[in-house]
Every structure is written in structure tokens, then in C-alpha cells.
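Throw the hints in and build the complete structure from the sequences for me.
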Amino acid sequence: MLAPTVQPGLTFPSFTRSLMVLLLLGGTHLFEMVQAQTTGNHTVTITVATITAVQVSSGSVSMSITGAGVAAGQDLMTVSDQSTNLLWGINSANRKITVSTSLGSQTFSLRVVAISPTQGIAAPEVTLSTVANDFLLSVGRSSGSCGIGYTGLALASQGTGSDSHSITFTVQSE
Amino acid sequence: MIHFSRYALLVFFSLVASTGWLYAQLTLAGGNPTLSITTGMAGAEPIAVVNTATTIDYEKSASVQKITVLTSCLGQSFTLKVVATGASFGTPAPEVTLTQGMLATDLITGIPSKPPGPNKGSCTLRYTASATFAQGNSSEQGNDVHTVTYTILAQ
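These protein sequences, in sequence, are chains A and B. For our numbering, add 4 to where a residue sits in the first sequence, where the first one is 1. For our numbering, add 13 to where a residue sits in the second sequence, where the first one is 1.
Mixed in with the good hints there might be a few duds.
Here are some, though not all, of the chain B residues that point toward chain A, as calculated from beta-carbon distances under 8 Å [as the list claims (entries may be wrong)]:
#1 Leu-48
#2 Gly-53
#3 Gly-56
#4 Ala-57
#5 Val-63
#6 Thr-65
#7 Thr-67
#8 Thr-68
#9 Leu-87
#10 Phe-91
#11 Thr-160
I should point out that these hints are in silico values taken from the structure, not numbers from a laboratory. Yeah, the Cβ is synthetic: ideal placement off N, Cα and C, and Gly gets one too.
The following block contains the structure:
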């Protein structure tokens, strides 16, 4: 009886015997060879929360109008301060920073403007009130800083006294 | 001639099977890590996050080998880096930045052939995720989901 040819020179019974011997000699290593992997992969996920950070470089600013240098007959007296900075980090799009004061009834005027922002656009100088006014525009998805320019104004007719402001900078949607 | 072919084949496969000379194995352990960036400093950048929860188990083979890494991350927004630490054998490469479309890049090189010494070793994968404020957040951009692939191959 003719056996089917597996490859030239090897009859089917001979091949079967060879395979059995191979399996016996190989043992578990053969199984490992079949199971072996040379590649592996896994999934790595990155999530980034909405982060909004605003910080003022100094906790307080004090400005005094003393009358020094004031010309006789001049009603308006001013004093300026640029000693503090505002820093921010915002990873949301389309954001601006507004500014407001806690002092509703003011004897004198206090104006503020952003100076040389590293990101965004400074809004025009505003007189502080309890209503939030634009301070810095287009600061979405950025990290930066600017100087804070304060100007205190007093008229001679307003007399003497002091105003104490608690000033708040807020990040808002544009 | 007939017998030579049969026994040559038999001896060859037996040798391979009994010694494992022609294969190497690589297994990842520790699951699928998630790195969450949640805080940042005004005037600076969000604080990077590190994860060391995953490892690679790998084996020596008959030749000197290396392990490479690549990633697939469509629409990638943030930055992911990986470096192997504490490798049992082989030399960890400098930290690799994983970016969509990158070519396979060395993670560990010079894994010696066997024998002598133990055949199986491992290393810890140190992932570092970072983002800038300019890169946005997951609510707007979506999460980055990387399929990171490691391959051990002859060097």
C-alpha cells in the first residue's frame, strides 16, 4: 500500500515517528516556544484637569498722597505704585481676568492697569469699583505675568482720610 | 540522504525546543496606568505626574537583544515620557518621549545572551506625564490614550 508523500524522502509513518520524538525531546520548552511573545502592549491614559491659578506677588500695597510737590492752585493730586505683579496659569480657552474692589463707598479714586503682560492684552486703565472690570484679555491657555499699576487720585476738596481696598482678580470666560 | 534530512530536522527542532535558543519572551505587568495632572502654579506650568506601577518581564536568548518602545495616540495633546529603571540586565536608554507616529526607539540595549546567569529579568517602567497651560485640558481636548508597544529583538 502506498503512503501519502509529505516531503521528498519522508513517508508518512516516518514523519509521524519524527514528530513524536520531537515532542518528547522538546517537552515543555516546545510549548513555551509556541507561547512566547516578543511584543507586549498596554494602554496609558493621560487626563488633565481644568486648572486655573492666579497669584499676586505681594499681599499689600500702601500709597500715600502727602502733598509734596503739589502746586498751589492744583486740585488733583496723584500717587502711583507698580511694585506688585500678577501671575496666572490657565489651561482653558477664551479666558480673561477682571478686577474689582470690596470697597463700595470710596473717598478717593483708585485706578488700575496691567503693565507689560507676557501673554494676553492689557485692558484700558479702569477706576476700581465693586463691579468687575476687564483687566487682562485673551489669556486663555497661557501662563504669564504682568505688572499691576495702581494710581490713587485725590482732590484737595476731598479732604483727608484713607481708603482700604481688598482687590480681587478673577478669571472669567470671554 | 533521506535519513540525513529526517534526522537533521529532528536534531534541529529538538535543540531549539530544549534550549529555547530561538525565542525571547516579553511580558508587561501592572495593568493599564492612568496619569492625572490636577495642579499647576501661576506663572509656571502644571505639575507633572509620575507612574511606576508597571513592569516588563523579559528573557535572554541566544543573541544580544534590546527592547524598543513606540506608541500610537491619535490626536495627542499632552506629553508622555518613559524610561526603564532597575533593569535586571541590559542598559536603560535615556528617557524616551512618546509621540504619535514615532519610530520604535530603544528602551533597553545590550541585553546579554545566555548563558551564563539567570535568564529572566525585569525592569520598572517610569512614565512621566506633563502638560503646559497652552496645551489645554481634557475637558476641551479629551484624554490622551496611548497604546504603548514594547518589543524585544536581536540587537
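Hints numbered earlier in the text: which of these fail when held up against the supplied structure? 5, 6, 8, 9
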